[in-house]
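Enquirer: Use the sequences and the hints to build the structure in full.
Number of protein chains: 2
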Amino acid sequence: MDGLKKVVEDYKELVRNVTGREFPQWPREQLDMAIRAVFDSWNTERARIYRRRERIPHDLGTAVNVCTMVFGNMGEDSGTGVAFTRDPATGHTGHYGDYLVNAQGEDVVAGIRNTMSLDDMASVHPKPFKQLEQNLRLLETHYRDLCDVEFTVERGKLWMLQTRVGKRTAPAAFRIASELVDEQLITMDEALSRVTGEQLVQLMFPQLDPDAERTLLTKGMAASPGAAVGKVVFDSPTAVEWAQRGEKVLLVRRETNPDDLSGMIASEGVLTARGGKTSHAAVVARGMGRTCVCGAEELAIDAKAKTVTVGEHTINEGDMLSIDGATGEVFLGELSVVSSPVMTYLDDGLEAGIKGQDDETVLLVKAVDRLLEHADDVRRLGVRTNADTAEDSKHARELGAEGIGLCRTEHMFLGDRRELIERVILAADDDEKQAALDALLPLQRDDFVEMLEAMDGLPVTVRLLDPPLHEFLPDLNELSVKIAVAEATGEEVSEHDRTLLAAVQRQHESNPMLGLRGVRLGLTVKGLFALQVRALAEAMAIRKAAGGDPRPEVMVPLVGSINELDLIRDEAQQIIAEVGQDKGFDLSMPIGTMIELPRAALTSERIAGSADFFSFGTNDLTQTTWGFSRDDVESSFFTHYMDKGVFTVSPFETLDQTGVGALVKLGVEGGRRGNPKIHLGICGEHGGDPASIHFFHHAGLDYVSCSPFRIPVARLEAGRAAVESEDGTA
Amino acid sequence: MDGLKKVVEDYKELVRNVTGREFPQWPREQLDMAIRAVFDSWNTERARIYRRRERIPHDLGTAVNVCTMVFGNMGEDSGTGVAFTRDPATGHTGHYGDYLVNAQGEDVVAGIRNTMSLDDMASVHPKPFKQLEQNLRLLETHYRDLCDVEFTVERGKLWMLQTRVGKRTAPAAFRIASELVDEQLITMDEALSRVTGEQLVQLMFPQLDPDAERTLLTKGMAASPGAAVGKVVFDSPTAVEWAQRGEKVLLVRRETNPDDLSGMIASEGVLTARGGKTSHAAVVARGMGRTCVCGAEELAIDAKAKTVTVGEHTINEGDMLSIDGATGEVFLGELSVVSSPVMTYLDDGLEAGIKGQDDETVLLVKAVDRLLEHADDVRRLGVRTNADTAEDSKHARELGAEGIGLCRTEHMFLGDRRELIERVILAADDDEKQAALDALLPLQRDDFVEMLEAMDGLPVTVRLLDPPLHEFLPDLNELSVKIAVAEATGEEVSEHDRTLLAAVQRQHESNPMLGLRGVRLGLTVKGLFALQVRALAEAMAIRKAAGGDPRPEVMVPLVGSINELDLIRDEAQQIIAEVGQDKGFDLSMPIGTMIELPRAALTSERIAGSADFFSFGTNDLTQTTWGFSRDDVESSFFTHYMDKGVFTVSPFETLDQTGVGALVKLGVEGGRRGNPKIHLGICGEHGGDPASIHFFHHAGLDYVSCSPFRIPVARLEAGRAAVESEDGTA
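If you read the protein sequences in the order shown, they are chains S and B.
Quick note on full-length UniProt numbering: the first sequence kicks off at 1 and runs consecutively.
Quick note on full-length UniProt numbering: the second sequence kicks off at 1 and runs consecutively.
Keep in mind the hints are simulated off the structure, nothing from the lab.
In this text the structure is predicted, and so the values were computed from the model without any measurement.
Since no wrong hints were added, every one of them can be taken at face value.
One copy or two, it doesn't matter: identical chains are merged, so the pair holds either way.
Below 30 angstroms or equal to it, Euclidean Cα-Cα: the simulated DSS-like pairs (lysine-lysine) are:
#, residue 1, residue 2
1, K433, K277
2, K482, K433
3, K644, K433
4, K526, K277
5, K583, K544
6, K304, K433
7, K644, K677
Expert: In structure tokens, the structure reads:
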């Protein structure tokens with residue numbers, strides 16, 4: 001309490017000096033308001049710490065009453081209002097606010113009486129209004145930003161109570177930043193620091209049609225953005241079943257738990273009655289990109305009866321609801337969903353983005369364009385994409401990707417090709433295995449040709465096969481049950497199934513994440529990586545023959561020791577040289593490695609001696625540094641951990657700078673010491689996360705790579721990071 | 001080749017200067033011998049590098065012939081011999097060797113003619129013998145160690161050809177080191193540096209009875225020490241089946257693969273025809289402490305016919321064989337196995353160790369005792385044990401343990417108590433859960449009372465529950481099959497089984513190593529850690545009431561962030577204070593954490609602020625730093641990796657100093673910065689590994705903790721590390 005007493009004493013003295021009088025005694029409710037006002041405006045870290053550490057008793061109000069010295073409730077020539085220097089919802093120029101005659105501030109905020117607009121205030125109280133207008137202009141020029149203001153008129157005289165830089169919506173942020181540049185109040189660099197990647201994301205999601213007629217049912221917390229429309233279901237099995245037959249469903253639960261995972265995957269969106277932004281539903285939905293509204297406390301859910309009630313409304317299983325993950329609103333019925341004009345602009349350019357849009361939207365799209373262009377001009381970080389198909393590559397290129405930072409080749413081994421991998425695994429001898437690998441070669445080569453064409457002239461980093469081979473086999477449990485049941489009921493079990501079961505049992509791992517995968521697979525399964533490198537070299541030759549400019553790079557996953565990399569590198573270089581000689585082209589290409597194990601980061605100086613590039617795999621690096629299996633922990637104890645404050649954001653969303661970041665820094669320093677020409681990137685999902693991008697910029701990486709949808713965010717944030725000072729402030 | 005030519009030229013000049021003549025031309029076989037002799041004696045790093053890098057062509061012999069200037073085959077007054085200054089097999093004082101009249105060195109080595117002893121030489125060639133005796137004394141005094149010598153007598157004149165410090169057996173190493181001290185040739189510190197922990201281990205294993213009659217069948221590589229006697233089986237299923245019915249079996253395979261794991265576990269020992277010391281059989285057997293002889297190439301195994309043939313001998317399934325893992329010898333039939341006198345000494349003291357033993361053994365046991373005592377005097381590292389029972393604790397204390405560094409409480413949750421853990425997991429509500437936990441309390445308390453009593457006056461570090469709870473439930477796969485089969489065949493499935501299956505499915509994890517375990521469990525399952533801390537505090541109170549000196553310590557597993565530790569620490573301190581108040585004792589005890597995740601090492605400075613001690617869990621730290629699941633990788637690709645030279649020894653056997661060691665160093669430095677009073681130890685299996693112990697000494701830890709059997713090794717090696725200089729040389 002000593003600290004707080006000191007603050008109060010300081011404050012007393014301040015007031016004494018300014019006003020020349022001691023603290024008056026006010027009625028209780030005004031004292032309470034005063035305490036709140038002082039502590040709201042006492043906007044420093046110290047005050048926040050006091051507030052958290054000490055419980056502030058009511059009677060302290062006697063000591064800190066300052067702002068009740070003017071009154072808006074002294075008659076018809078008095079009043080109170082709030083004002084913004086521009087519209088905080090749209091960014092529209094010109095002041096904007098609410099005014100109440102003969103009232104105190106509480107009345108405006110409480111919403112008990114109907115307020116008038118500032119324009120109306122002009123006619124009621126013209127003189128103070130004129131002065132207010134002038135003050136608003138002054139404040140904006142001084143703060144060079146949108147300000148919000150509280151003011152009181154006491155017997156015709158205007159008193160400015162407080163001001164601060166005002167909160168705004170995402171569209172307003174972009175428009176205001178751009179227009180303040182036009183008004184020569186700020187520079188383009190400053191404008192860039194006024195918008196965020198998360199605001200841009202909000203503008204990219206599809207939205208509920210703003211013109212559609214809508215009935216608001218209730219409101220919860222905006223937990224994961226986007227719009228979701230579907231038939232209400234109350235349990236996961238139903239969600240899965242209905243989704244499988246083609247229905248769009250919305251999972252509605254009191255709260256979710258790990259058992260709901262399959263239901264959440266099957267649903268368009270998730271709506272819960274309980275839990276905040278760090279609840280299980282919120283964390284998991286954000287992780288999988290599902291729209292989510294959580295903690296809508298008015299929902300009275302009866303899971304047995306399969307109904308949810310809000311006031312007079314009762315919604316049954318199968319009824320339609322629409323949710324807005326950006327606002328937390330829940331609407332009755334099926335609202336149409338429209339794609340965002342900003343997304344159209346990002347995909348197809350400025351012309352397409354503004355075509356047929358109203359003036360406000362045109363201004364918004366142009367502001368986004370202007371700020372993104374500036375970000376591209378100033379950023380030092382390159383932005384690549386994680387993509388495994390030609391289609392994704394093209395889309396990412398439209399969104400501004402400057403190459404592929406991660407092509408996961410395992411995604412090319414699914415579907416029909418699974419059978420070929422199965423043949424590789426079950427092969428009785430090396431000849432059979434080689435035959436199966438040979439059959440994969442042309443398929444893999446065609447994949448690469450398409451991708452190199454889509455990214456012609458830009459780097460395409462191909463990661464050699466990473467997951468354990470048993471991932472391509474049936475699930476041990478399902479297969480065991482199938483065979484055991486067949487045996488018990490006297491059905492015939494095929495020889496193939498038996499062979500398969502033996503193979504699955506043999507290859508089963510307790511912790512596949514830490515097992516026979518990545519470079520370990522390449523060193524153990526003869527011919528596997530060779531096939532992939534050959535396919536890539538041949539694809540490069542085909543593209544060269546067609547007059548293209550293919551720029552493939554070979555990336556080795558899960559390296560922990562330079563010896564592993566050397567063995568693969570030697571083999572790869574030999575194959576590339578062979579194919580080159582055969583086809584008559586110089587096919588030399590960079591060969592590098594993922595840095596995704598703590599040991600790789602710790603021994604990066606050595607490893608760099610054999611690597612043309614490093615790509616930090618921060619997903620796996622987070623898993624091993626923390627000892628977290630993402631598949632398990634996000635849906636089990638993460639909610640608990642956030643509730644208890646172990647961390648405030650999942651380390652899989654935003655890079656854990658203290659722990660994992662320390663390894664990234666060690667990796668960068670060692671890498672540059674070991675090979676001054678080394679190229680350094682990052683291809684974990686953190687590559688699309690704003691805070692993490694700033695960290696990567698300051699850590700000295702050359703590029704980030706992220707999913708196509710996050711490319712614009714990465715461009716913007718890389719630009720913002722570049723205009724920040726070293727310590728991360730603008 | 002240039003480097004080699006230079007060496008040869010240098011050598012030529014040297015000989016020219018010394019002998020005053022040019023190199024003579026000798027017959028081919030003498031040239032070959034000369035080359036070998038020169039390069040054997042050219043005992044420098046440079047020569048070794050030349051030998052490896054360049055292939056030495058035969059014709060170079062013309063240039064390097066030096067030592068053939070004397071001949072032992074010039075008649076009956078000539079001869080050649082080898083001599084040791086002491087017996088390299090037993091360490092017995094007095095020279096020892098072989099002599100051949102009228103012969104060259106090759107004849108002695110080749111074993112074609114029967115050699116005579118040096119005593120016989122004394123009577124045949126008394127004059128040169130006397131001079132040899134004198135030289136041997138001189139050499140030992142000069143080198144202050146056992147020397148081996150090659151010499152030739154040419155027409156009655158003795159020529160000393162070469163000498164070097166001689167190889168010796170484990171018993172000889174201890175005796176010679178101790179006796180050289182008595183002879184005042186070396187200090188006790190030097191003596192300590194002349195013996196190794198691995199030699200001590202060899203003396204601790206049971207051995208084949210040296211007096212038993214034996215027929216050597218063949219010899220392979222000494223891959224994993226000890227003696228194993230059992231019935232020969234040729235496949236793992238048979239090994240498992242026979243072992244289950246109580247037979248002692250010996251698994252004989254051409255080579256082993258991961259499928260043989262169950263068979264290796266079931267067998268007394270493993271014998272293979274193929275593969276070296278890094279083969280699958282060798283690595284896995286060493287890992288599990290099984291005796292193993294591998295690469296016995298004479299074995300002709302016919303797995304189908306279930307026979308193995310060596311020359312005229314045919315052994316069938318079920319026949320007895322005996323193997324010696326320290327020598328690689330394979331004997332026919334059943335030899336008796338005797339416990340080692342050194343082990344008896346370690347367990348029960350010097351009196352017991354020498355009682356009834358012959359003179360040689362008495363000298364050996366006394367030498368071991370003397371060197372171990374000195375190691376204890378000079379070592380800075382404390383030596384604790386990993387033990388979970390009072391029995392193990394007592395045994396470890398006899399072997400010299402100075403406390404318990406790791407008590408794994410999960411081992412106290414097996415057997416009948418499993419059912420209680422099952423009740424905790426299946427509890428429908430908090431009350432049911434608490435009831436199950438309450439039932440565990442007295443059992444857990446009794447465990448602790450016994451252990452604190454066994455280690456009275458010494459620290460007992462109790463690790464709170466670490467493994468995932470589902471480890472205490474039935475296996476998902478087995479249970480699924482059981483229920484599916486019952487359903488398919490119309491059998492009734494109990495409600496309990498269904499509940500259990502649901503729980504197992506719900507708690508199933510893809511990578512349990514990285515899942516809900518350790519401190520995460522403590523923070524998620526309410527009351528679990530509280531139960532354990534309460535049991536420990538109550539046990540301490542009971543021991544205090546009984547007049548004992550209990551010194552428990554609470555260790556929190558799998559901490560990655562100081563926040564986790566703080567939450568558990570606060571709760572634990574409150575419980576300890578409560579129990580203390582209740583029982584009327586001061587029960588305050590150190591609370592610390594494992595450092596077993598990279599993040600814990602990287603943020604050790606912060607974590608140290610809340611920890612009284614750190615214990616490095618290098619097993620898990622190796623798993624996460626390398627991304628290796630030990631259960632999976634040791635039996636899958638490790639053999640491959642050692643063959644390819646990715647590493648030469650498993651990082652689970654000897655600490656990977658470059659990678660994992662870097663984190664240990666970071667952890668130590670950060671820990672001491674964050675809390676100068678912090679106590680630092682290590683409780684992974686590396687705590688008993690010689691090379692690792694030296695690393696831990698130099699890294700500045702306070703103690704190592706290892707399994708009881710490795711305590712003497714740790715004492716010896718900690719002493720050796722202390723007398724080494726900083727760079728690890730003696």
